[in-house]
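> As a plain string of letters, each chain reads:
There are 2 protein chains.
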Amino acid sequence: MQLVDSSLAELGKAAKSASRTLAALTTEQKNAALHAIADAIEANADDVLKANALDIADGKTRGLSDALLDRLLLTPTRVAALAHDVRNVSTLPDPVGTDIDQRTLPNGMELIRRRVPIGVLGVIYEARPNVTIDIAALSLKTGNAVILRGGSETLRSNLALVALIQQGLATAGLPATAVQYIENPDRALVAELLRLDDYVDMIIPRGGAGLHRLCKEQSTIPVITGGIGICHIYVDAEADLTRAVDIIENAKVQRPSVCNALDTLLVHKAAAVALLPNVAARLATHGVELHVDGRSHEILRDSTAPLIPAAPDDFDKEWLGLTMGIKVVDNMEEAIAHIHAHSTEHSDSILTTNTHHAERFVREVNSAAVYVNASTRFTDGSQFGLGAEVAVSTQKLHARGPMGLEALTTYKWIGLGAGHVRE
Amino acid sequence: MQLVDSSLAELGKAAKSASRTLAALTTEQKNAALHAIADAIEANADDVLKANALDIADGKTRGLSDALLDRLLLTPTRVAALAHDVRNVSTLPDPVGTDIDQRTLPNGMELIRRRVPIGVLGVIYEARPNVTIDIAALSLKTGNAVILRGGSETLRSNLALVALIQQGLATAGLPATAVQYIENPDRALVAELLRLDDYVDMIIPRGGAGLHRLCKEQSTIPVITGGIGICHIYVDAEADLTRAVDIIENAKVQRPSVCNALDTLLVHKAAAVALLPNVAARLATHGVELHVDGRSHEILRDSTAPLIPAAPDDFDKEWLGLTMGIKVVDNMEEAIAHIHAHSTEHSDSILTTNTHHAERFVREVNSAAVYVNASTRFTDGSQFGLGAEVAVSTQKLHARGPMGLEALTTYKWIGLGAGHVRE
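Taken in order, these protein sequences are the chains called P and F. Position 73 of the first sequence, counted from 1, bears residue number 77 in the numbering used here, the numbering being contiguous throughout. Position 277 of the second sequence, counted from 1, bears residue number 281 in the numbering used here, the numbering being contiguous throughout.
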């Protein structure tokens, strides 16, 4: 086992070296390592559960909320699920080595663009220990080495899991340094990792807005930011208002704590009177608090739903809970302008039966995912059929929206000549 | 005409707003604007030539080298070529609006991944005024707004060109703010631009290593770094040594000042005695200075070529001129290890008749472009058939190697439902 005792640069150097070994592996070799890791987790579940029990006890002492403690908690069932997830990654298609395109240039040289691993990934995440396993498995499958830095709340659980990952790697004859963990809890190590551009090729933050901002501000390594969703549904004048209530309910309450949950409902003035009371009544059954603009307040004044006049910055909030903003708009232009001003370009939807409106909304709303007559909750790697989800990107370079295995690859150009020189 | 008089944030805001107009244009509308720009350049070539004459006069006063002055110089022929280049961009296929993939999910939702413009580009470049025209044309073709910041040596030429670009945009009914220029020569403006992440989506530096480092260090916006090439040719024990001399000559001297020119020649010890004297003799006809390791020095001791013992850091230099390093290696493993240690992962080539060696080199050398039996000089957008070249990326995210029009696009996911909610 090789956890951190050495400096971060040594970790980086070891990762770079391991990445060269990983890049040359066949899919079969990588899958064998994934199975060895799953075996190690299953055979040593007790080690993980003991470490997690210490984390949970500490968390209780530190007064963490029950909801957070439940996110951190590992049970025999959850550990078994981790092993199952690793085996599942072995069944996914391997993007590495596939050719994106291939052609013969006019001079006769054969030019191939081939998918290859990125190299070394740095992943900074908060809380849940399953991220440790997910990211390690997805990195290994794509031939990338990874340096992990998890939250302090589950340090012991993460270290126990990394020890088993490294045991699996060793069993498969691979360098344990393919998956390394920054054990030192000093926050300065995060800033150091973000500047390790001699060795690390890509930084993926998985956490709140503060973490993403920190990475954007301080990293000299390309960062994939995302995960923050101020999501909108716009109900057009021409819309199926019965279905609209179901879609709004689903987008808001099916899992309110996540980034693709609905934050702000925009309603055309012609649909507002018929729609809003039904929306308020349905959401009231889930205890949703409504932050309403003047016009929707007027329409809902007889409603028994909890209403709060919307504060100026309420439409710039990702609620992550049972709260929703409502605004009545004069037309679709106003709805699109509101989305341009307030969306984080994550997931936005229009409910309409008018094809022209749908097309215009899809064209003008430039979010990672734009929906017509559907809930925003679909923005997700497994819902999109990607087989896995590394993260959800809301930036525009490299990958946008749910990131599958392909997002952990780059390409190289291969020119096969026969003594070719440039004229 | 709308050049900079306002603050940088206002420039950014105007660019963002223009980008929304551009994103909704048809290919025909964008091509019409390109033609209007070409017309404006042709009709007002004198304005550009006058502005350039002032820049050149200033440059002479400031003691710029003749070589640099020639790069900055515009002539009637060169201005005509600029207009021609803009018309050429109008003939390229428009990647915007094409669907990368499209499928029906198991729940019946139609999921489309469609290419869209990135939004607002920030391009920081040095010296040559043709970059002003190239980047503006490529940005417009892909529906992106752009903020330009060129070198002070050609400020007047750049402003004259931007005025004509904006005139063409206005003629075509498009916002002049689609192409803006930071006129204020204060270097602090560059640092400000790099932190304008509220409005700018992508930074492309075009210049030397210092500029790329500055962008990497200071930008909170995703940056495409690249353009620095420490390029290698490895001559295997089994290689056509006659062709090898031609390829090495081409890679080194066909255009020595550019990033894909050869910097270091690695030669298998079994080929060195037969190859090196011929290489030295051929390169001597071009006045190439050779920085040689001990073994190649020994082999070349009777050569009349200019020989200098290689200093420890000579193999970490991008020569950009008539200089080349030579090192004899024991085997291909040593060559690959040398490339791993010293390459900037731009362009590296193996000359061999052994297929297994070629395959291994292509697999293990992880550079943007890897060649077999060809010159490194082919790493170029037009050589690769991309029709245009925005820049050459040596980073691994988003785009790698020569960047064509596609590299100026991102994609959005479009989900077309019929009342779909997530289970």
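A hint or two may mislead.
The list treats identical chains as one, so a pair stands whether inside a single copy or across any two.
Think about it this way: if two alpha-carbon atoms lie no more than 30 Å apart in a straight line, the pair counts; the simulated BS3-like pairs of lysine-lysine are [said to hold, decoys possible]:
no. : residue 1 : residue 2
1   : Lys273    : Lys321
2   : Lys17     : Lys220
3   : Lys54     : Lys64
4   : Lys273    : Lys20
5   : Lys321    : Lys17
6   : Lys273    : Lys54
7   : Lys20     : Lys220
No lab work stands behind these hints, which were simulated from the structure alone. Since the model is a prediction, treat every value here as computed from it, not as a measurement.
> If you test the structure against every hint from before, which numbers come out violated?
6
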